[in-house]
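Q: Protein sequences appear in the order of chains A and B.
The first sequence begins at 1 in my numbering and counts up by one.
The second sequence begins at 1001 in my numbering and counts up by one.
It is possible that some hints are incorrect.
[To be verified] Cβ pair distances, simulated, as ranges:
| id | chain 1 | residue 1 | chain 2 | residue 2 | range |
| --- | --- | --- | --- | --- | --- |
| 1 | B | 1069 | A | 181 | 47 to 57 Å |
| 2 | B | 1041 | A | 385 | 47 to 57 Å |
| 3 | B | 1221 | A | 184 | 29 to 39 Å |
| 4 | B | 1293 | A | 348 | 49 to 59 Å |
| 5 | B | 1072 | A | 57 | 25 to 35 Å |
| 6 | A | 232 | B | 1220 | 42 to 52 Å |
| 7 | B | 1087 | A | 350 | 45 to 55 Å |
| 8 | A | 406 | B | 1087 | 26 to 36 Å |
| 9 | B | 1460 | A | 184 | 50 to 60 Å |
| 10 | A | 406 | B | 1069 | 32 to 42 Å |
| 11 | A | 35 | B | 1093 | 52 to 62 Å |
| 12 | B | 1453 | A | 106 | 33 to 43 Å |
No wet-lab data here; the hints were simulated from the structure.
From a predicted model like this one, the values you see are computed outputs, not experimental measurements.
Positions of the beta carbon are idealized from the N, C-alpha and C atoms, including for glycine.
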Amino acid sequence: MRRAVLALMGLVTTLVAPAAMAQTTAIVHAKAYVQPGAPPMLDATIVIEAGKIKAVAAGLAPPPGAEVVDAKGAIVTPGLMNGASQLGIEEVTSTDDGADRAVKAGPLGAAFDIQYALNSNSELLRVARFDGVTRAMTLPTGSASAPFTGQGAALRLSESADILDRPKAAVAVQTGGPSDAAAGGSRAAQWLILRNALDEARAYRAEKHGLGPRDQVLNHLDAEALAPVLDGTVPLAIAATRESDIRQAIALSRDEHVRVVIVGGAEAWRVADLLAAAKIPVVLDPFADLPYSLDEIGARLDNAARLRKAGVVIAFGMVDDLSSVYESYLAGETLREGAGLAIANGLTWDQALEAVTESPARIWGVADHYGSLAVGQDADVVIWHGDPLDVSGWPDAVYVRGAKASLRTRQGELGERYAPSHANDLWPSNYR
Amino acid sequence: MRTSPALCGVLIWAVTMASTAIGAAPKAPPAARQPLPYRLDPYPSTYRPLPRVDTLIKGATVLDGAGHRLEDADVLTHEGKIVAVGPGLKAPAGAAVIDAHGRWVTPGIVDIHSHDGDFALPLTANDLQELDVSEGSDPNTAQVWAEHSITPQDPDFSRAMAGGVTTLQVLPGSSNLFGGRGVVLKNVPAVTVQAMKFPGADYSLKMACGENPKFTYGPRLKFPTSRMGEMAGYRQAWLDARAYKAKWETYEREGGEAPARDLRMDTLAGVLDGDIRVHMHCYRAEEMADVIDMSHEMGYHVAAFHHAVEGYKIAPLLKREGICAVVWSDWWGFKMEAYDGTRLNAAILDSQGVCVTLHSDSPMIGQHLTLEAGKAMAAGRRAGIDIAPERAIQWVTLNPAKGMGLDAKIGSLEPGKDADVVIWSGDPFSAYSKADQVFLDGALVFDRADPSRQPKADFELGQLAREPRP
Chain A
1 MRRAVLALMG
11 LVTTLVAPAA
21 MAQTTAIVHA
31 KAYVQPGAPP
41 MLDATIVIEA
51 GKIKAVAAGL
61 APPPGAEVVD
71 AKGAIVTPGL
81 MNGASQLGIE
91 EVTSTDDGAD
101 RAVKAGPLGA
111 AFDIQYALNS
121 NSELLRVARF
131 DGVTRAMTLP
141 TGSASAPFTG
151 QGAALRLSES
161 ADILDRPKAA
171 VAVQTGGPSD
181 AAAGGSRAAQ
191 WLILRNALDE
201 ARAYRAEKHG
211 LGPRDQVLNH
221 LDAEALAPVL
231 DGTVPLAIAA
241 TRESDIRQAI
251 ALSRDEHVRV
261 VIVGGAEAWR
271 VADLLAAAKI
281 PVVLDPFADL
291 PYSLDEIGAR
301 LDNAARLRKA
311 GVVIAFGMVD
321 DLSSVYESYL
331 AGETLREGAG
341 LAIANGLTWD
351 QALEAVTESP
361 ARIWGVADHY
371 GSLAVGQDAD
381 VVIWHGDPLD
391 VSGWPDAVYV
401 RGAKASLRTR
411 QGELGERYAP
421 SHANDLWPSN
431 YR
Chain B
1001 MRTSPALCGV
1011 LIWAVTMAST
1021 AIGAAPKAPP
1031 AARQPLPYRL
1041 DPYPSTYRPL
1051 PRVDTLIKGA
1061 TVLDGAGHRL
1071 EDADVLTHEG
1081 KIVAVGPGLK
1091 APAGAAVIDA
1101 HGRWVTPGIV
1111 DIHSHDGDFA
1121 LPLTANDLQE
1131 LDVSEGSDPN
1141 TAQVWAEHSI
1151 TPQDPDFSRA
1161 MAGGVTTLQV
1171 LPGSSNLFGG
1181 RGVVLKNVPA
1191 VTVQAMKFPG
1201 ADYSLKMACG
1211 ENPKFTYGPR
1221 LKFPTSRMGE
1231 MAGYRQAWLD
1241 ARAYKAKWET
1251 YEREGGEAPA
1261 RDLRMDTLAG
1271 VLDGDIRVHM
1281 HCYRAEEMAD
1291 VIDMSHEMGY
1301 HVAAFHHAVE
1311 GYKIAPLLKR
1321 EGICAVVWSD
1331 WWGFKMEAYD
1341 GTRLNAAILD
1351 SQGVCVTLHS
1361 DSPMIGQHLT
1371 LEAGKAMAAG
1381 RRAGIDIAPE
1391 RAIQWVTLNP
1401 AKGMGLDAKI
1411 GSLEPGKDAD
1421 VVIWSGDPFS
1431 AYSKADQVFL
1441 DGALVFDRAD
1451 PSRQPKADFE
1461 LGQLAREPRP
């Protein structure tokens, strides 16, 4: 009985964890980037209460009793969001241990859903947060039913175990030459299978009692997983790099009346106007400028700037393909460095900030509660030392849903353990 | 600057003799002898500097690579060499003058660990099966030479040039205990590898510790399947090489029938002769310590540990041994031997006097090496280890030059050195900056403002996907 009570108390503690945020915090004297497109608010006060942005205004006096944090004129932004990662579903890239990014056998295609694999104790999450990332879209990388790779989820990088922000935030699809073997050896098959799947999911839904008389390729799990795509509440996240595949994705969106997000998009700049007209956003890798495969001969560093200029909504992410040397173990640092490179290649600073905050939030359906410092949003807030979008800067403080997060990492602890000041210690490092 | 191949060979031979004379039996005067065949370079450089103009760069913030930062300073080049660095230099008649006020100038960037050319893009499905980076047939492939895998028309080279890289060491991969010979290249566009080879540069031997060799051969149930097996593999090969070298030296002394050539042993004997520099891929502290003991046991020196993810755990040892640590700024955790990687590696090593170098190992990072230094510098600063820009620039200039034995020629803007110079649009450690102009041996090989000075690989020529659609 006592055990049960304790367990219950544990549960209660978990449930009321946000109540700890009832503590009010006021960040004062901030150079705050409140909303995309708006100039920074100088001498801003940001009031955080119950995990939310309670107020934000220039020169506002902190509420009585609030913990006051003086930003001393530093840049304050929303926590950053990585628009395409494998955070929470991979640990040590070279081993299968702890890696749940793909399923190689079994019945699951579109239905494969990585939300059940998320590991809130992953060190990769801490390292990302150390670099100012508080949200991330996590996408699976392969299923047993190509070209589907499964369902992704939006994460919040809080210190609690509760890191799932929005499950089933996308149904992911992989297209293109390097991955066509799983669909039989031609990208044409990928597109046919994909179109057929949407067709069958539609037929399945029309039948109240399950599958109809047709000879279905799709099983009921996959058919059900595609229902929100048909409804338009969830996008198809189509990984595509070659222009022809991006054009196919645009055509699919038009013909099937589904929302599409291009992930990767190395040659997307070539069809920027079409993407803008079709309101198809692109989550791109700002480092991609090399022809790693014949599918990305047109890769170039001003992809982001050209897309944005044409009116395409863009976000940045580390897309899991050959061109991405940076995996999720650097989900924050490379996001910022990549944003800086995009700026060096024609994007404005404000546009780059938007591409790592509000735009990925909109693309993946969490903008109702994250993505800006507007009143009512989750209080994901970063106080920066220097420039968040250049490699010389870093976060001085990170708040996730109103809670100030630890910025400790194993890397930092190893650095302390082996600091030069210990060079002459008589006792081994393990005692430190 | 033109050096005949024959002259090069003699010079190499003379140096070799000098280094092996210590403690050896009395020898005939070197000039009277032919060099031993395994010490010759049958693939000599045919590099010639591109057409150049004497240049005065005026008014820049100069990080000279020798440890100094000069404001509003000038850099003068003459016939491909640095002549002077300082304030108020006068332009000689005929010199081009470049106004660099508000811009930064550094030595040409040196990438000591590149696979450009042997990881030539694009990679097809076939390439992914059998990359040209490693010869995967045996754990000891000391007989292979990276230069024989290099595709000079790899688009990576011109991308690296746009990032200020003027010198690269291209290494074989890390699948093997002995991966083969690496080669130092001038980053000039060329049709042959010989035309890129850095004249007079030492060859290197790429060796590898840890997970890569054992995970390459273990699954095939081939030696080595363990880390202790790897150590045994190196040691046996060194013993064989010592015997091989002794055989040749006996032949040199006493004549008789020449020993049979063995290409593997040629390379290892070259290391024992002191002609070939060892660049060794190792992540873990204990592995590096073992390799250091082995180098003493067998009689050679490790020039640099590459990746050295746990270098920070043995900084005093690396310092004492005079071994450079060639590291990433931030890679960690992508395999178990990288699990203890920390962004503080470079800063901790540097602050204890170790020769630190940031490397690429990737054509993407190879375009942004100053940002690698910038990230490592920022990580140090964030943890309270302050490293000045004039020092951090050495991580990608003078220190890699030292690691390759080329610091008398490149790596800093000092009179008499090769005029490898980069003019940056701003602080080279900022993601917002770009290389505006790149000089190699005094030739303007890249100019961001002039499309005719932006070399393009053959592969990229006429590619519709790169051209605007009509």
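Q: Take the hints in turn and mark each one as holding or not.
A: Status of the hints after comparison with the structure:
1. B/1069 <-> A/181: 47 to 57 Å: With Cβ atoms ~53 Å apart, the hint holds.
2. B/1041 <-> A/385: 47 to 57 Å: Given a distance of about 51 Å, which is inside 47 to 57 Å, the answer is holds.
3. B/1221 <-> A/184: 29 to 39 Å: About 33 Å separates the Cβ atoms of residue 1221 of chain B and residue 184 of chain A, which means 29 to 39 Å holds.
4. B/1293 <-> A/348: 49 to 59 Å: Given a distance of about 55 Å, which is inside 49 to 59 Å, the answer is holds.
5. B/1072 <-> A/57: 25 to 35 Å: About 44 Å separates the Cβ atoms of residue 1072 of chain B and residue 57 of chain A, which means 25 to 35 Å is violated.
6. A/232 <-> B/1220: 42 to 52 Å: Holds - the Cβ-Cβ distance for residue 232 of chain A and residue 1220 of chain B, about 51 Å, lies within 42 to 52 Å.
7. B/1087 <-> A/350: 45 to 55 Å: violated, 39 Å
8. A/406 <-> B/1087: 26 to 36 Å: violated, 49 Å
9. B/1460 <-> A/184: 50 to 60 Å: The hint (50 to 60 Å, Cβ to Cβ) is violated, given that residue 1460 of chain B and residue 184 of chain A are roughly 31 Å apart.
10. A/406 <-> B/1069: 32 to 42 Å: Given a distance of about 36 Å, which is inside 32 to 42 Å, the answer is holds.
11. A/35 <-> B/1093: 52 to 62 Å: 59 Å Cβ-Cβ, so the 52 to 62 Å window holds.
12. B/1453 <-> A/106: 33 to 43 Å: violated, 56 Å
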